[in-house]
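Protein chains: 2
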Amino acid sequence: MDKIIYDNGYDRKAYAALGNRFLIGNGLVGIRGTLEEYTADLLPAINLAGVYDKVENFREPVNLPNALYSYIKVDGNNYRLPDLKPASHKISLDYGHGIFMRSSSWTCPRGNICLETRRIASMDDVNLIVMELKVSADFHAEAEIYTGIDTDIWDLNGRHLEDFSIINEDIIHYEARTHEEGIRVVMDETIEAASDCEITSVREDGRYLHRISFITRPGEAFRIVKYISFDTSKTAADPVCSSADVLKRSITLGYEEVMDRHMSVWDRLWDNADVEIKGNDEANTALNYSLYHLMSIAPRHADNLSIPARGLSGQTYRGAVFWDTEMFMLDFFIFTEPDTARKLIKYRIDTLPGAMKKAAHYGYKGAFYAWESQEGGFDACSDYNVIDVFTGRPMRTYFKDKQVHISAAIVYGLCRYLDWTGDMSLLDDGGAEMIMQCALFYLSILVKSIFNDYYEIRDVIGPDEYHERVNNNVYTNRMAKYVFEKAAKILREGYLDISDSERDSLIEGFEDGAKHILIKKPDENGIIPQFDGYEQLEDASLADVRSRLLNDKEYWGGAYGVASDTRIIKQADVVTMLNLFADDYSLDTISRNWSYYEPRTEHGSSLSAGMYSLLACKIGNPGMAWPFFLKSARADLSEKGKEWAGLLYIGGTHPAAAGAAYMIAVEGFAGLSVKNGELTCNPSLPKEIEEISFKIFYKQQQYSIRVSHDSYSIDEIN
Amino acid sequence: MDKIIYDNGYDRKAYAALGNRFLIGNGLVGIRGTLEEYTADLLPAINLAGVYDKVENFREPVNLPNALYSYIKVDGNNYRLPDLKPASHKISLDYGHGIFMRSSSWTCPRGNICLETRRIASMDDVNLIVMELKVSADFHAEAEIYTGIDTDIWDLNGRHLEDFSIINEDIIHYEARTHEEGIRVVMDETIEAASDCEITSVREDGRYLHRISFITRPGEAFRIVKYISFDTSKTAADPVCSSADVLKRSITLGYEEVMDRHMSVWDRLWDNADVEIKGNDEANTALNYSLYHLMSIAPRHADNLSIPARGLSGQTYRGAVFWDTEMFMLDFFIFTEPDTARKLIKYRIDTLPGAMKKAAHYGYKGAFYAWESQEGGFDACSDYNVIDVFTGRPMRTYFKDKQVHISAAIVYGLCRYLDWTGDMSLLDDGGAEMIMQCALFYLSILVKSIFNDYYEIRDVIGPDEYHERVNNNVYTNRMAKYVFEKAAKILREGYLDISDSERDSLIEGFEDGAKHILIKKPDENGIIPQFDGYEQLEDASLADVRSRLLNDKEYWGGAYGVASDTRIIKQADVVTMLNLFADDYSLDTISRNWSYYEPRTEHGSSLSAGMYSLLACKIGNPGMAWPFFLKSARADLSEKGKEWAGLLYIGGTHPAAAGAAYMIAVEGFAGLSVKNGELTCNPSLPKEIEEISFKIFYKQQQYSIRVSHDSYSIDEIN
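Heads up: the sequence lines are chains A and B, in that order.
Reading the first sequence from the start, the letters are residues 1219 to 1936 in the working numbering.
Reading the second sequence from the start, the letters are residues 1219 to 1936 in the working numbering.
None of the hints are false.
Repeated chains share a single entry, so a pair holds when one copy, or any two copies, can fit it.
Each computed DSS-like pair below joins lysine-lysine, with the alpha-carbon atoms no more than 27 Å apart:
1) K1666 with K1575
2) K1739 with K1575
3) K1575 with K1738
4) K1738 with K1666
5) K1733 with K1666
6) K1738 with K1583
7) K1272 with K1575
It is worth saying that the hints were derived from the structure and are not from the lab.
Here chain A stands alone, though its shape is the one from the complex (with noise of 0.2 Å):
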């Protein structure tokens, strides 16, 4: 099937919305799909991966100038969007290849003007971003093309980029540094235009432009190529040389050879990516072109990064990882792309000074990492992150200080890749020291009463963020009781060069944490509470809850949110838990927490869905979790992600939600896991779907699956 979806028709209000839907990436850069035109009223941002500015009290990643900034004019006329109503418009995306398209076309008195284009962030060169233009008409006009860089960007939070200074010529060579660390930052571009025209330079305001004249010819297109090359000095000793190398380069490759290169980059990841389901070619296309925007931001090309939980879109949340990135992406890149998978593992362990600076800030031992982490594991996130509709002021929030399970994600994601690739290297690359300082975080954090023969972890965030400082979150407990037992363990296979002494002690601890932290156990009716005295809160329907709002954009939760004395919650948590450890329990209680908690969960993160849906497969329940996979599928093909908080733009995509279908797909629909050294399915179809065949890599071997309702198959790839 052809990865392409598109958008016919000029909507002028859904520039937000396509913009995340049409982006184009290649792990360095993430372009969103705006249309040439655009100026920063209507988003365009090409969004660079890893380099980060602060602006007063916002630090956040650094959108590049908007080199693919351009417009055609005709018989003096401007013609572009919003302004001059098309007679048709389309875009497209070829999600196979990473390709934007587009497509308008205008009427005039005298005849009818075409502009398309195509552009990509080059997966060959990932310094190199590459777009086609043609303009037509069916009549001689006299026309022009502007197109060059536009300095007057897209900024969440104010400029990041000061003191630029640009040359205006053939090639249009932009500089400029960052506001906090005056990082430089270089870009340059020029285009490729056929011999029957004139090139001048220009200069609108902030936009630094060719002029490219020509006249028009009925049936014939006019074309010219932009090659745009860019580099910091965050990676290139001299952006400057760097970036003219690109440029040089791909000039001389020339557009079908770049084209041709970056599509062959494509093709191969496709080759061990794709997933296929039959019987439903909506879902088929809505869990590829997810697995698309995993592939499109993963940083294949650095040593230092890992992927933000808005994937390259934009600057919303900081541009940081999250735990999205182990809890949610990781699998993907574990099965089809392990040398990837290992690279966001690798940033955490890089980052393990970071995570260890933060616990001793806050008077702990060992690593607490960073809710939002940017680059060396700075945490980005703020202590206020929510604004009081009422007041207009900030408020308080506990993500960062109390959110302690993060440091729990990054090991488990740490042991997923052991597990599956038997790659160990990376313990002795760092991973047993960083899973040893996670579990003396979590040492660190237990307390005991003196009458309790078992510890407790106090005053924490669980993944449910309605509910803040609350005691002995079941999922924490029982990650810390994970992370433990994991770091005993590694301790025990003499990973780390400590001493005989200093080892055996650790052991002690870790296995004493293990055995006596509390872990609440079901009630009478199996019912797992969330943490100390969920079952005390008002038991208020979701509905009721959501009646309660005074303003549709008020906070659900904090100190007095309408959720926050209920026990209507975010998203999964015991949930989550039960999906990770539902060895631990009876089917049963999981399929009665499931059903408990469902009810009572808002969904108001798009991490929610999945971990419903993967454990309603556990359950052998696929008919409750079949919504859930399409929600998750189809975070970023709908319209009804949160885009606005207030005036402030949250949207961008959601990789979190596209990792999560790709799980539902492959660990739930086909129920693949690993039992006793084997790959094996435990098939959980639902009635919706009639097939669904994947490759995987298990162990540095490539295995092709196929599942059906009645049979499967697991088949080593030669």
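Use these hints to put chain B onto chain A, whose structure you have.
Frame of chain A; chain B shown alone:
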């Protein structure tokens, strides 16, 4: 000096404040200083001690029907306030004898009309209220007095007395039951009048009245006396009978004898309580007026009552007993009425089961006393004590569940009593058990981290209620240590009848707790941080923080209040700790902390000034103590108390401030203390006063003490 205050002239807006300022009481009832003709909207009340009733979510003390209700008619016209502007008006309080007096005159075309009343809540028979009422005119006129029982009374949160029945004859007999527990409430009222009048019974809506018709005679007042008796099934097996007995007896005694007996009780009390301040009449009046309030509300008659935080002035704060009693009022009674002090402590001993129930409810051992204690130790404090002015929603507060320092205050009160009276019988009478259970409670809330060698108390509210859910509040932790030490001591002294092994184990536990509990130390500037992380809060000035208010009624504390994330505190906290444990610290440290915290204190509680004043005396700076003394002593004389929270009346008297004023005079200015078993004074007299003299009891011996700037004397009284 006469003990009289008065208010001259009539201001109709002053009814709420004057009701408090001219309050009379006898420990069983408090009668607000409102005018006889006032109906419910002007807040008259006969507030009854010890009878509580719940309406919806509000459990508050019961107001008796208004049996003082009276007004007069002359020539068919009503003469009553505020309807008809008076020619002159004056109310007075003889606070030496607990007598409220009122005198009003009106001018009409035919001449002048005068109404005079005088009322007491009998100290001799606490179930008796007596009022004299005189009407005169300087012309002959047809006049009527309407007087009886107004059943339409002021209640803060709805009606408490239901199904009442009235017999409206010579004796107006009222019976009703409370909502919640069906407690029977009985009241009888009758009048004595001169013979030349006609008396009939009338009813005006909810008012059941005698109409006394007579002809006025110039130069001669027409006089009646009202006798009012009451009782409830809470204290009498047959309240109808016992109320009738009181009425009969008082009529037999007659007005003069009733008044004589009442006044001689007051004289006796004053003989022990009077504090004479020479050289400053204003301070002398303010202080003794404060003592009057304490004397008016002491439950000498009962064995199961203590003193509510607003005395008997109304239903504010649910008529409940707070730590105010032990920390601020108790010393006055220990020094002047040790038997009454014993009753106040005994109330806590007797409510130990309630405190143990509360501890168990929260999962703790031992005794967690009520933050707002009603009968039996029931905690009347709500989980929601504040209304958000922006949303109108109740805000979750933690006064009830996290203000754990309450139990220590009670132990502290008992130990003060023991130390000063030498009456160790209270230990055998349940006191030892109480101390042990409080210590057990603190032991059960200690937590320890694996890597620390000390215990912590986390997630509490200290005296400063603006900062919720803090860790290691130094006041709380130091008080817990104190309780551990006291408990270990009484156990070592053999006060509890338990096995040796149990005793040893408890002693070991308490001594371990005392030794290892974290008491935060002064920092490099000598400042003791109020709790973990206090020093990292914003150091905004009080004026800055006040300027951030968007609504002058908004709550400063809670999760998002203007003070919450700053160092601005509501009331003395570290300073309270330093007062109680001054011997643990150098004068320099005490002085630095006083100077550091005072400008950061809003003094949003009437408990605050007293602690600052006392500590200023301890560091030999009575000049700094003086304004805080005046503020405490004048708490109920000035207009500055917070009386309204939005539309809610939260006014009333401030007996804790009154008690604090006494402590400042006696323990601060006079510097009275016990050293090596001997009374001694360490005078710290402010320049505003010349001499201070008073009597106190110490170990059953009364002493007369006189302190001037250059000498002092302590003399035994034989």
